[in-house]
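Novice: Work out the full structure: start from the sequences and follow the hints.
Here's the letter readout for the chains.
Protein chains: 2
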Amino acid sequence: MNPSAQLRPALDAIAQAVDTRLDRLLPVPDDPRARLVEAMRYASMAGGKRMRPLLCVAAGDLFEVDKERSLRVAVAAECVHVYSLVHDDLPCMDDDDQRRGKPTTHIEFDEATAVLAGDALQALAYEVLAHPATHDLAEVRAELCLQLAKASGTDGMAGGQMMDLAAEDGGFDLPMTTRLQQLKTGALIGFSVEAGAIMGSAGASERTQLRGYAHDLGLAFQIADDLLDIEGDEDKAGKALGKDEAAGKATFVSLMGVERARSQAQMLIDQAIDHLHGFGSEADLLRAVARFAISRDR
Amino acid sequence: MNPSAQLRPALDAIAQAVDTRLDRLLPVPDDPRARLVEAMRYASMAGGKRMRPLLCVAAGDLFEVDKERSLRVAVAAECVHVYSLVHDDLPCMDDDDQRRGKPTTHIEFDEATAVLAGDALQALAYEVLAHPATHDLAEVRAELCLQLAKASGTDGMAGGQMMDLAAEDGGFDLPMTTRLQQLKTGALIGFSVEAGAIMGSAGASERTQLRGYAHDLGLAFQIADDLLDIEGDEDKAGKALGKDEAAGKATFVSLMGVERARSQAQMLIDQAIDHLHGFGSEADLLRAVARFAISRDR
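Same order as they appear, the protein sequences are chains A and B.
Taking this note's numbering, the leading residue of the first sequence gets 1, the next gets one more, and so forth.
Taking this note's numbering, the leading residue of the second sequence gets 1, the next gets one more, and so forth.
Quick caveat, the hints were computed from the structure, so don't treat them as lab data.
Possibly wrong hints are sitting among the right ones.
Since the list gives no way to pick out one identical chain from another, each pair is judged satisfied if it fits inside one copy or across any two copies.
Here are the simulated lysine-lysine pairs, DSS-like style, with alpha carbons at most 30 Å apart [as the list claims (entries may be wrong)]:
id : residue 1 : residue 2
1  : LYS243    : LYS67
2  : LYS249    : LYS67
3  : LYS150    : LYS236
4  : LYS102    : LYS249
5  : LYS49     : LYS150
6  : LYS67     : LYS150
7  : LYS249    : LYS236
8  : LYS249    : LYS49
9  : LYS102    : LYS49
Just so it is clear, the structure is predicted and the values come from calculations on it, not from any experiment.
Specialist: Shown next as structure tokens:
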């Protein structure tokens, strides 16, 4: 059985659980703000692989964190991920018309609404995390807010996206590309995994192991993305492919070649799984996610 | 002495204190993220009235909150205010070229950098609030994050900006315009004042009084803004004026006329100050801010 099929039920369950909670968090008001909330719903619901939510819940499971609480963190991580996609797709950024097989938010609505929907999704993430329903220890809620903010600011996602824009001018070597991706996608993947440890009041060594897992997973995930960008099927991906190559932007594949990129991704996944050696079968879902990261077709 | 002159030393001191802290929080990295951080510094430092920071510190003073801690909350509130200005000035939103007497961020840098700078300033606000240096009680840090998120999401600033965009299509009456402004500017002003009560573990009745003060102040502040928009001096304002009128957008002045708007603002300020009757001279700074809100020239 391929990893994708093995993981499918878990991914489907998490997708439905996240959608249900987003639906509850985003009631459409009966005034002109309806357009804003509808754009947030359009961007965030019914689509996406829900990789980050799955990581939040799978990592929480390691420490027997209450599922409803893990799902709140999962929703917060996904809100930040989705806001970054909405803003990255804008004409002034990557200028993409398609995402997850649908028109992007600024195409379906308009640019101003897309900017605001992204902004409000970012705020929603903290509203969810900081709320007492997320954890009875305020220390945990504050720590989650702090780590999410670090993962998405200048030393995380936003910083990585700035480097990505600069990468279009060329000259990025492998260390710089690695750094870019660690910030742009790795930091939020790292938050998703580490959040489980924070919620479960895990010890320092367990936290270090999970950080190692997330680090290797994040890079492997990005290498797989770069491979899909040149070898993938646009219909399955639900977005335009081959854009990096056309823009002359350095990617792991352009820097290492297809074969070395593929073996590097596999090595990183082996390494990621190796970081989990201290855990038993309760970490099988995290192991399956790692295998899925490099075998997916979208 | 007019209120502006009375308040000047306090405003100057807070402006300098906020700039010093932003300077420390935003070191320019030695990689392509430099452009992002420079845009964040450009947008946030050396400019603006610093009304929200002053409210944070003045409200904190009521409860003898440590100044350094109040200033962290002040910086967070200002980061959210500045991010909203950067995004509101974008071509797809209000399309403004001038702000605080300087080119707007997307003009000085570019649109993509402006979008990211706003996004990263929002993240920075939560990074600052959730950090242990802001308060030794995690309960307080989590509550500050929660209230800031509420004040800036769909039921706050972002919701208000969405209504503002819809207002260009006309048909907004006085209740709808009041609601718009309560969300767009009132919510963050409310956070700035209430944060002092949260930091100082104030009782429910003190919190209610401050909420009443902030509510009236916020509306009066906005009416004063609308008056400045038609009567002010562009050089002093540092931005284009008369845009609402030209766009046919309903404002307090277009709906009430200049005279009624002026007397309404004065009544709201009297009412705001009245909410402070339970406090002694320690609330004089908040009283001065209220008087300043409707007597300023920018």
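Novice: Which of the numbered hints above does this structure break?
Specialist: When the structure is compared with the hints, numbers 1, 2, 3 turn out to be violated.
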